[in-house]
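The task is simple: from the sequences and hints, build the whole structure.
In the numbering used here, the protein residues as written are 6 to 308.
Please note that the accuracy of each hint is not assured.
Okay, derived cross-link-like pairs now, DSBU-like style, lysine-lysine, Cα gap no bigger than 30 Å in a straight line [stated by the list, open to error]:
hint, residue 1, residue 2
1, 167, 288
2, 82, 294
3, 46, 82
4, 167, 46
5, 122, 288
6, 260, 122
7, 122, 294
These aren't lab readings, by the way, just hints derived from the structure by calculation.
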Amino acid sequence: MLNKRYLPSITALQCFEAVTRHLSFTRAAEELNLTQSAVSKQVAQLEELLQHLLFRRVRRRLQMTPAGDLYLVEVRKILTQVEMSTHYLRSYGGETEVLRVSTPPTFGARWLVPRLKGWRLRHPSIHLDLCSEQEADDLLQGRSDLAFYFGQGSRPRTECLKLFGEELVPVCAPGSLPATPFTDPTQLTDLVLLQNASRPQAWHDWFDSQGYHTEHSYHGPRFETFYMCIRAAQVGCGVALLPRFLVEEELADGKLVIPWQHAMPSSDAYYLAYPEHSAEVPKVRDFVKWMLEQIDSPDAPQI
6 MLNKRYLPSI TALQCFEAVT RHLSFTRAAE ELNLTQSAVS KQVAQLEELL
56 QHLLFRRVRR RLQMTPAGDL YLVEVRKILT QVEMSTHYLR SYGGETEVLR
106 VSTPPTFGAR WLVPRLKGWR LRHPSIHLDL CSEQEADDLL QGRSDLAFYF
156 GQGSRPRTEC LKLFGEELVP VCAPGSLPAT PFTDPTQLTD LVLLQNASRP
206 QAWHDWFDSQ GYHTEHSYHG PRFETFYMCI RAAQVGCGVA LLPRFLVEEE
256 LADGKLVIPW QHAMPSSDAY YLAYPEHSAE VPKVRDFVKW MLEQIDSPDA
306 PQI
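Right, here's the structure in full:
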């Protein structure tokens, strides 16, 4: 349980944050519609709770201490979250509802966002709030209403709808290719293998699926997202192993090419998940129906 002795009031945090912007108790008080002494008292109580000075006076001017700088970062996160949560609850059950959806970043930008066109016209009272930060318990903790993810179709206390699978292909910039065509997939290591942090085994498995082995399959610069890998391949940093559906546009435009024609199906797939208890929530049900319609469209990945 939280110890109330160490929980400062929101008013104290607001006073502290306002003073950091103005470096003046008087101007902070004017902004907050409080007296100067009230703001000063709130900050003093906060310093007593923290057992650190947050401000000091130097030549009659107010300056933040190192502890104040450190605390400010956390306080702004807290106040922002409180404000966002308040806005969300104000909309709950009213004319507009917020639907929070989490998604892997490149999947969200490349596949999901284009398929949201028209959503607002059909569902004007449901405001989508998309984020790319994902934690395993976001759904069960209520931080997201739905979550797209890549993996196996089994998560505790959630409904998981399989969307589609994927196949991985190597891609690089046309200018990265040597004059002589490759005769062996391991020759791709001469171009530098671009690694994706979320798929550390990918290159090893791709070579292995063809009966090849190279000691360089784990070597190369590592990138956090597929989008970074795509850009790195485009500018000639090396060859990336990517889901084909994420680079269809670049392949069609000739910005990327496939230097070795072998596609490896992934054992995992893309899923849309939501808590079991949310199955009949109208906004969740509407979004699931919308996504299933997108999957049935002609341009959806068929894997």
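Fill in: Enumerated hints in conflict with the structure, sorted upward
Violated hints: 2 and 4; rest satisfied.
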